[in-house]
Amino acid sequence: MSFFPSAAATPGGVSIELDQVTKTYPGQPASAVDSFSLRVEPGELVMFVGPSGCGKTTTMKMINRIIEPTSGSIRIDGQDVLGLPPDQLRRHIGYVIQQIGLFPHMTIADNVATVPRLLGWSRKRTSERVEELLHTVRLDPAQFAHRYPRQLSGGQQQRAGVARALAADPPVMLMDEPFGATDPITREGLQAEFLRLQSSIGKTIIFVTHDFDEAVRLGDRIAVLGERSRIEQFDTPAAILTAPANDYVASFIGSGAALKRLALLPLTGARLSEAAWPLGQQPRLDPAGTMRDALDLLVVTGAAAVDVVDGSGRRLGALTHGDISAALVGVPATGGAAS
Amino acid sequence: MTVLPPEPGPWVLRNRSVLARVLTAPLVVVVVGLGTALWVSSVELDSIEQRTLNAGYILARVQEHLVLSLAAAVLVAVLAVPAGILVHQVDSGPLRTVVLGLANIGQATPAVGVVILLAILWQTGFTTALVALVAYAFLPVLRNTLTGLAEVDEATREAARGMGMTRGQVLRRVELPLASPVILAGFRTSLVFAVGVATIATFINAGGLGDMIVNGLKLQRFPVLLVGAALVAAIAILLDWLAGLVEDYARPRGL
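Respectively, the protein sequence lines represent chains A and B.
Following this note's numbering, the numbering of the first sequence begins with 1 at its first residue and continues without gaps.
Following this note's numbering, the numbering of the second sequence begins with 1 at its first residue and continues without gaps.
If you're looking for bench data, these hints aren't it; they were derived computationally from the structure.
Since we're looking at a predicted model, the values are computed, not measured.
Treat each hint with caution, since some may be false.
Not everything, but these chain A residues come out facing chain B in the computed CB check (under 8 angstroms) [what the hints assert, rightly or not]:
hint : residue
1    : Asn64
2    : Leu118
3    : Lys124
If the Cβ cut is set under 10 angstroms, some of the chain A residues that face chain B in the computed set are [said to hold, decoys possible]:
hint : residue
4    : Gln98
5    : Pro104
6    : Thr107
7    : Ala167
8    : Ile185
9    : Glu188
10   : Gly189
11   : Leu298
12   : Thr301
13   : Ala304
Beta carbons: idealized from backbone N, C-alpha and C, even for Gly.
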């Protein structure tokens with residue numbers, strides 16, 4: 001039994017289509033969101049990135065009808081969400097907000113159990129699911145299930161928030177700057193965990209952020225939004241970094257576009273050159289890194305090349321400055337970041 | 001590793017200061033009560049005083065006083081909390097202004113005046129005193145219900161809605177539990193108001209400890225006046241103390 005038709009058949013996500021979606025607030029001359037159209041493929045992680053007040057959050061909140069669109073249509077898995085009862089709809093869409101919004105008077109376990117209880121799951125099924133999810137987000141149930149939110153650090157609270165959003169296994173997740181309020185180190189950890197999680201659950205996710213680097217790091221595709229949520233460019237991170245559609249997108253990328261692209265290129269797929277020197281003469285790098293790590297090592301050590309050496313001590317090849325430059329040129333404009 | 005605050009412990013005995021707070025009020029009442037009793041037993045009472053200062057008379061007045069003030073407090077809780085919830089849910093500025101304005105008038109008008117006016121226009125006795133008390137003690141519970149509900153963090157509310165709770169579920173499962181400490185604090189204030197103001201019930205023949213205070217004044221019998229006043233104070237302090245314990249106990253864990 002499933003709310004969205006194909007969610008039962010496919011374990012991952014379902015598609016989201018927005019068609020000419022407009023939001024106009026009464027008494028305001030210009031619309032906040034102006035005929036926004038976009039299609040998100042099943043299992044895709046799409047980032048909405050844009051400056052504060054550009055309407056990206058409003059656009060996202062229309063999908064679970066926290067904000068009602070003025071006109072246009074929104075379909076999840078081909079089903080028009082504006083024709084569904086909003087409360088029922090929201091129980092099947094994961095929702096994570098920046099302020100987390102954990103219920104302070106409930107334990108972490110009760111917080112995570114919120115949607116399963118709304119859906120009338122049995123006690124046993126709910127508690128098993130809560131335990132499983134706390135493991136998934138790396139909060140040991142024995143330690144955290146019966147704590148209250150204020151007894152957790154910011155990063156732990158946000159992980160509990162993600163667990164709560166995933167509780168009823170919704171095919172679609174909406175995330176509004178979920179890591180925005182955490183410090184840089186915590187944020188990087190949460191991002192890495194989030195990528196690991198998404199690679200195993202494959203939800204369809206719309207993720208709002210104002211941090212372009214976060215968008216590059218996490219997104220399958222990025223929608224760069226301008227005023228009134230106009231789509232300035234919608235493409236893979238590599239394609240946007242390689243060929244920004246206009247000055248606005250270029251200014252949003254900021255400086256160092258090439259460096260950001262290098263961070264998207266894993267060493268595993270890189271073209272390595274033959275090493276003509278004995279192992280140990282040049283600095284070595286693990287193949288789990290990116291081209292950016294290679295460049296970083298070159299700059300720091302002043303060496304002419306780095307050896308890429310795997311865990312067993314076998315040299316896969318070497319990288320020089322020239323190889324790294326060539327990688328930037330050689331990458332096809334689209335699909336470069338697909339991994 | 002982050003240092004986590006300790007798990008909330010048993011509700012009362014969390015530390016010594018809580019214990020001191022729990023014991024102070026009853027101790028003060030016992031000491032003042034004993035002092036008054038000793039003093040009264042040391043003076044020679046005339047026949048008027050003897051008619052009043054005996055266990056039967058005093059217990060009857062205390063009972064009247066308690067029934068009146070507790071009935072008023074319960075009615076206030078039953079009426080003002082739903083009124084507050086209604087105003088909050090409707091979320092209309094004018095309605096809020098009108099309801100709060102009415103409650104303000106109830107509290108601002110001198111209670112003696114209200115009681116006597118109601119007695120002239122309607123009737124004397126218990127019911128009239130009860131109505132006047134409810135009108136007088138309505139505001140704290142109403143205002144605190146509104147404040148408590150309004151103070152619930154917007155992000156918490158949005159998360160609740162975003163997960164698919166209906167408005168009623170958001171109210172019952174999130175807003176009311178989070179607002180409950182503030183609402184209970186309002187109830188505590190109303191309760192103490194009611195005990196104090198119930199002394200004026202004597203003016204419209206509704207009994208209570210006001211009888212002893214007014215008689216003591218009119219007949220210039222100081223022991224009667226003193227015992228009446230001390231009893232009202234003791235009841236107010238003890239009820240406030242009890243309500244405080246309930247507040248501590250009923251406070252949602254995790255806040």
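Hint by hint, here is what the structure shows:
1. Asn64: holds, 6 angstroms
2. Leu118: holds, 6 angstroms
3. Lys124: violated, 21 angstroms
4. Gln98: holds, 8 angstroms
5. Pro104: This hint holds: Pro104 (chain A) lies near chain B, its Cβ roughly 5 angstroms from the closest one there, short of 10 angstroms.
6. Thr107: Hint on Thr107 (chain A): holds, closest Cβ of chain B at ~7 angstroms, below 10 angstroms.
7. Ala167: holds, 9 angstroms
8. Ile185: Hint violated; Ile185 (chain A) Cβ to chain B Cβ min 13 angstroms, cut 10 angstroms.
9. Glu188: Violated, about 17 angstroms.
10. Gly189: For Gly189 (chain A), the interface hint is violated, since the closest Cβ of chain B sits about 13 angstroms away, which is over 10 angstroms.
11. Leu298: violated, 36 angstroms
12. Thr301: The hint is violated - Thr301 (chain A) has no Cβ within 10 angstroms of chain B, the shortest such distance being about 34 angstroms.
13. Ala304: violated, 43 angstroms
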